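*Asks:* Whenever a hint applies, use it, and build me the whole structure from the sequences.
There are 4 protein chains.
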Amino acid sequence: MKIQLGENRYGKAENRVVRITRKQGTHHILDLNVSVQLSGDFDDTHLNGSNAKVLPTDTQKNTVFAFAQKFPAMEPEAFGLTLCEHFLDSQSHVTRAEVRLEQYVWDRILVDGKPHPRAFQKNTTLTRTARVVVDRTPNGSKEAFVSSGVEDLVILKTSDSEFTGFIKDHYTTLPEATDRIMATQVTAKWRHDSHDVQSLKKKDFAKSFTVATERMLATFAKHYSLSLQQTLFEMGKEMITQQPDICSVRMSLPNKHHFLVDLSPFGQENKNEVFIAADRPYGLIEAVVNRDDAPDAGFIWPAW
Amino acid sequence: MKIQLGENRYGKAENRVVRITRKQGTHHILDLNVSVQLSGDFDDTHLNGSNAKVLPTDTQKNTVFAFAQKFPAMEPEAFGLTLCEHFLDSQSHVTRAEVRLEQYVWDRILVDGKPHPRAFQKNTTLTRTARVVVDRTPNGSKEAFVSSGVEDLVILKTSDSEFTGFIKDHYTTLPEATDRIMATQVTAKWRHDSHDVQSLKKKDFAKSFTVATERMLATFAKHYSLSLQQTLFEMGKEMITQQPDICSVRMSLPNKHHFLVDLSPFGQENKNEVFIAADRPYGLIEAVVNRDDAPDAGFIWPAW
Amino acid sequence: MKIQLGENRYGKAENRVVRITRKQGTHHILDLNVSVQLSGDFDDTHLNGSNAKVLPTDTQKNTVFAFAQKFPAMEPEAFGLTLCEHFLDSQSHVTRAEVRLEQYVWDRILVDGKPHPRAFQKNTTLTRTARVVVDRTPNGSKEAFVSSGVEDLVILKTSDSEFTGFIKDHYTTLPEATDRIMATQVTAKWRHDSHDVQSLKKKDFAKSFTVATERMLATFAKHYSLSLQQTLFEMGKEMITQQPDICSVRMSLPNKHHFLVDLSPFGQENKNEVFIAADRPYGLIEAVVNRDDAPDAGFIWPAW
Amino acid sequence: MKIQLGENRYGKAENRVVRITRKQGTHHILDLNVSVQLSGDFDDTHLNGSNAKVLPTDTQKNTVFAFAQKFPAMEPEAFGLTLCEHFLDSQSHVTRAEVRLEQYVWDRILVDGKPHPRAFQKNTTLTRTARVVVDRTPNGSKEAFVSSGVEDLVILKTSDSEFTGFIKDHYTTLPEATDRIMATQVTAKWRHDSHDVQSLKKKDFAKSFTVATERMLATFAKHYSLSLQQTLFEMGKEMITQQPDICSVRMSLPNKHHFLVDLSPFGQENKNEVFIAADRPYGLIEAVVNRDDAPDAGFIWPAW
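Residue numbers (the numbering used here), protein chains in the order written: chain A, 79 to 382; chain B, 79 to 382; chain C, 79 to 382; chain D, 79 to 382.
Misleading hints may appear alongside valid ones.
Which copy? The list can't say, so a pair holds if one copy fits it or any two copies do.
[Said to hold, decoys possible] Simulated pairs of lysine to any residue, SDA-like, Cα-Cα distance not exceeding 20 Å:
1. K220 x R293
2. K267 x P380
3. K334 x Y302
4. K285 x T319
5. K334 x R358
6. K300 x P193
7. K267 x I107
8. K334 x A355
9. K334 x T202
10. K220 x G376
11. K101 x G376
12. K334 x E92
13. K279 x V289
14. K148 x F344
15. K349 x I107
16. K101 x V183
17. K334 x I354
18. K349 x R186
19. K267 x G118
Keep in mind that the hints were calculated from the coordinates and are not lab data. The model shown is predicted, which means the values in this text are computed figures rather than measured ones.
*Replies:* So, in structure tokens, the structure goes:
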């Protein structure tokens with residue numbers, strides 16, 4: 079029996095970078111959580127402890143902060159691409175660089191109804207995410223994979239949701255529901271269809287993010303839902319249709335159950351008014367929605 | 079040596095009530111986390127296991143949900159008062175009822191710029207809180223203590239904050255800062271000055287909350303800060319001044335440090351642009367700001 | 079209307095100190111989370127921003143780390159006393175120093191059944207806590223208040239627990255239970271009866287902690303429980319009886335409900351075998367158990 | 079442009095099952111968190127909302143609890159296999175069933191040094207995990223993939239760890255370290271080499287888990303580490319060597335940095351004694367260690 083090294087990668091995770099940009103008295107915040115991972119020829123450190131090819135994770139951290147100063151006001155996807163390029167260009171034995179980013183949203187504080195130029199409150203309604211993978215191809219060029227996304231976004235609708243006509247087996251006790259609360263916490267990622275680093279760096283990721291998110295939310299609101307699966311598909315379909323550079327959307331939607339409380343023991347009727355919000359267990363609906371000509375996902379899309 | 083029972087209370091914590099109210103096709107959500115605690119003559123259950131005076135915590139839970147149906151669309155403070163009244167009125171051996179509430183804010187989803195009447199996204203920028211204590215007085219009447227508050231509100235300003243002129247002792251290494259990021263996560267509670275249950279139930283807690291929160295945020299934004307302590311005092315002072323039924327404000331403000339990153343080893347100058355957001359340790363500034371005629375806080379204000 | 083400063087304090091929270099002590103090849107870890115708070119004459123910083131009396135929280139942090147080197151291998155209570163003494167002795171305008179400590183437990187890794195002298199695994203079964211408050215009295219001496227405690231300790235018994243004979247009102251649906259799972263997550267604090275700094279510093283807090291915790295657990299295991307309140311009282315009583323320098327025990331015991339699952343729809347009988355562990359809501363039972371001659375708690379015991 | 083459904087699955091997540099088994103006055107706890115996911119022919123529910131092929135997640139939950147009563151005292155891997163078999167056997171359009179399990183460890187409370195037969199304390203030093211995937215093959219038989227693992231296990235060594243000889247580039251400031259604290263929080267999974275459901279169900283997973291975990295910990299303790307990567311490889315190699323049915327080990331090891339505190343400003347020398355335990359950022363080292371004849375991982379091993 080021989081023991082071998084398989085897939086491996088390493089890096090510095092959760093670098094909490096806050097970049098302030100000042101323009102004539104108005105300040106802007108870019109607030110990021112940046113994680114870097116490198117793969118390549120790292121057998122020596124694993125097999126015999128030689129670190130001659132190891133760029134320390136501390137150096138990766140320094141690079142993240144130094145680049146935040148050099149390249150201000152970038153969208154997270156572009157910042158990730160710039161970092162990946164650097165690591166591939168400067169480390170010839172690195173064959174893949176990955177950067178994951180979380181961006182925290184800050185709103186301006188309103189003072190007498192007017193946004194303050196230099197004071198902010200954190201808007202945690204959603205976290206914007208991005209993931210960038212750049213591979214060194216066999217011919218020495220670079221192939222990029224970029225996804226954008228959203229996390230921590232909790233949505234709920236109080237009408238236009240039912241769940242009926244399902245299988246009843248020996249273990250089924252669930253009654254059919256023709257009018258239920260539907261609530262979920264959205265984790266969504268969407269892939270951009272280009273693999274070219276330079277053209278991706280010029281892309282308007284801010285607009286793409288806004289359109290994708292708005293269409294996703296509007297579809298959730300408007301769609302008459304026969305199942306959370308159907309709603310998921312409609313949300314993804316609308317995002318791709320309205321923002322066609324998105325070639326694929328992947329969503330993970332926990333079904334955050336709101337159970338109608340039985341008030342009949344107290345002589346009260348509960349006309350779909352009072353619910354208990356349950357923590358666990360929860361349904362979990364996951365699916366990918368694709369444009370039929372979507373290119374390969376590479377490593378941007380971990381298999382489940 | 080004799081062993082005695084001291085202070086005690088019991089109840090059902092974290093009842094997650096969602097109350098939907100429907101008005102001609104427009105739905106409203108009241109989303110609460112309600113915790114009840116009762117005190118009184120409970121020696122028997124502690125000392126000999128007799129539960130003859132114990133109203134089960136399960137019954138308290140049922141009461142919370144039943145009352146959410148009976149008394150819709152109440153402000154959290156008023157809902158807490160109504161629950162406390164019920165427990166004191168129905169359980170003669172209960173001498174104090176306490177209710178803590180957290181209210182989660184839901185915004186309407188925008189569909190083509192218009193708020194949807196029945197679809198929502200959770201706004202976690204802040205959590206609204208309330209605490210109600212109602213005591214049965216020796217003469218049998220009720221005395222209420224009500225506080226409102228806010229949690230999970232993260233704010234940051236990029237100008238108008240310094241910290242200088244402090245004590246330097248043997249262990250001091252901190253340089254003076256004339257231009258720093260100031261950031262904190264606000265936990266604030268404010269007391270209302272009435273102790274009368276009926277008049278408190280009629281109070282416009284929604285307006286009071288809006289005014290208090292807006293003035294707190296505006297003061298943070300506008301104030302030129304010589305210390306976080308000074309900013310805290312100004313915030314509390316402005317809240318009481320603008321919303322005079324508030325007699326006292328208590329704040330706990332962690333100083334969420336943002337450290338300037340030294341980029342000089344890389345030949346870069348960091349002109350107050352790039353910061354690392356630190357997790358721990360953090361400064362912690364806590365104070366109470368009072369109107370000079372503030373009535374006694376009773377048990378609404380736990381001592382530190 | 080005049081606005082005044084009320085109670086206030088400030089300090090550095092959550093200093094994560096790891097202190098290694100080496101004795102002839104065997105290493106020992108003291109792993110603490112230390113939070114310091116100072117009170118005293120701090121009107122100036124709140125009211126006009128003068129920091130002339132402010133010892134920076136950064137200096138407090140430095141002091142914690144410097145003292146961890148100077149005073150190795152101390153019990154958390156003694157480390158807190160030493161820090162409080164320092165701040166009162168060196169800052170004449172400070173009238174109260176408070177230190178809260180969490181100690182994380184590390185077990186030695188077993189290698190072929192033998193504990194390794196320099197390799198450890200974290201034992202998160204419980205977190206040991208301590209709180210120290212030292213007041214400067216009007217005559218200039220120091221008065222200390224010390225409590226020890228435990229958090230994050232989850233315990234469960236599968237027999238000898240019932241809950242019957244309780245009040246049934248209009249909202250009661252709970253059936254009586256003559257054989258139930260009883261589970262809780264213990265947060266307990268116990269006060270030591272001396273107020274003298276020097277004698278407290280010599281106390282064997284390690285032994286006291288071990289005896290108190292062992293007796294608490296053994297009582298939970300052995301006691302036939304008619305209510306969680308009764309079990310709480312018996313646990314506290316036994317702790318004080320067996321470790322008589324403890325004058326008071328305060329416990330907060332959430333009733334972590336385990337509900338019997340109804341398997342009858344599937345033709346199965348559930349003979350107290352299969353339970354669902356519920357998250358929320360939970361019962362919450364809180365009480366203090368006192369020696370009849372317990373001295374005043376001062377500020378060590380925040381009122382509820 | 080056409081929009082298509084891609085990969086999808088659904089199920090009930092985080093079913094918190096507690097199973098008590100009683101043997102002559104001695105009780106045993108199996109405490110699991112069970113998540114089920116099904117894949118197969120579910121186009122209809124996504125594309126047109128027909129639920130005719132949807133087994134509700136509520137039914138999956140019921141099945142988990144019913145099976146916990148029917149099949150007591152199973153190892154988590156075997157319980158997962160039994161559930162997967164059921165869903166494939168009873169739902170002909172399901173082509174893959176997945177079950178993830180977390181098992182919480184309970185120790186018996188010691189009463190006067192003796193383990194109590196019916197009272198327990200939760201041992202959160204590690205969480206045992208398992209993942210089971212069973213695929214329906216084109217010829218209608220079943221192919222199983224099973225991994226076991228551990229989470230939440232924090233380990234630390236105070237000697238025999240260095241990190242030197244690494245790349246120094248423009249952004250490197252890290253000094254070489256010849257004697258450092260090495261600490262990590264282990265997330266490890268290991269694959270079992272059989273794909274046969276029936277033989278896997280008979281496997282002694284308890285022994286396999288004990289051997290794998292003990293060898294992993296002993297290797298961490300004993301190995302002289304030149305990098306965390308090298309330690310990871312040695313840990314995986316030893317696990318496979320000592321428990322040869324394990325064909326592959328995958329580990330994710332955050333490097334939990336402990337930074338030596340500079341005490342020289344205070345005139346103190348820090349001889350590797352006082353450290354600050356940092357939260358973020360952290361290094362992250364991930365690798366797979368394989369037996370050279372390891373069979374295909376199928377879907378048990380999500381690609382990164």
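*Asks:* Does each hint hold? Answer for all of them.
*Replies:* Verification of the hints:
1. Taking the shortest alpha-carbon separations for K220 and R293, neither the intra-copy value of 32 Å nor the inter-copy value of 41 Å comes in at or below 20 Å.
2. Taking identical chains as interchangeable, the C-alpha atoms of K267 and P380 lie at most 20 Å apart whether they share a chain (11 Å) or sit on different chains (17 Å).
3. With identical chains, the CA atoms of K334 and Y302 are at most 20 Å apart within one copy only, with a shortest distance of 18 Å there and 39 Å across copies.
4. For a Cα distance limit of 20 Å, the shortest separation of K285 from T319 inside one copy, 15 Å, qualifies, whereas the shortest one across copies, 43 Å, does not.
5. For the homomeric pair K334 and R358, the shortest alpha-carbon distances inside one copy (8 Å) and between copies (14 Å) are both at most 20 Å.
6. In this homomeric assembly, K300 and P193 come within 20 Å of each other (Cα to Cα) only across copies, at 11 Å, whereas the closest approach inside a single copy is 31 Å.
7. When the C-alpha separation of K267 and I107 is checked against a cutoff of 20 Å, the pair qualifies neither within a copy, at 24 Å, nor between copies, at 29 Å.
8. Taking CA atoms no more than 20 Å apart as the test, K334 paired with A355 passes in both settings, with 8 Å inside one copy and 18 Å between copies.
9. In this assembly of identical chains, K334 and T202 lie within 20 Å of each other by CA distance both inside one copy and across copies; the values are 19 Å within and 16 Å between.
10. With identical chains, the CA atoms of K220 and G376 are at most 20 Å apart within one copy only, with a shortest distance of 13 Å there and 28 Å across copies.
11. Taking CA atoms no more than 20 Å apart as the test, K101 paired with G376 passes in neither setting, with 40 Å inside one copy and 50 Å between copies.
12. Taking CA atoms no more than 20 Å apart as the test, K334 paired with E92 passes between copies only; the shortest distance there is 12 Å, against 28 Å inside one copy.
13. Taking CA atoms no more than 20 Å apart as the test, K279 paired with V289 passes inside one copy only; the shortest distance there is 19 Å, against 44 Å between copies.
14. In this assembly of identical chains, K148 and F344 lie within 20 Å of each other by CA distance solely across copies; the values are 11 Å between and 66 Å within a copy.
15. Proximity of K349 and I107 under a CA criterion of 20 Å is satisfied inter-copy only: 15 Å between copies versus 46 Å inside one chain copy.
16. Proximity of K101 to V183 under the C-alpha cut-off of 20 Å is restricted to the intra-copy arrangement: shortest distance 19 Å within a copy versus 33 Å between copies.
17. With identical chains, the CA atoms of K334 and I354 are at most 20 Å apart both within one copy (11 Å) and between copies (18 Å).
18. Proximity of K349 to R186 under the C-alpha cut-off of 20 Å is found in neither arrangement, the shortest distances being 41 Å within a copy and 22 Å between copies.
19. Within a single copy, K267 and G118 get their C-alpha atoms no closer than 26 Å, and across copies no closer than 22 Å, so neither meets the 20 Å cut-off.
Comparing the model with each numbered hint stated earlier shows that hints 1, 7, 11, 18 and 19 do not hold.
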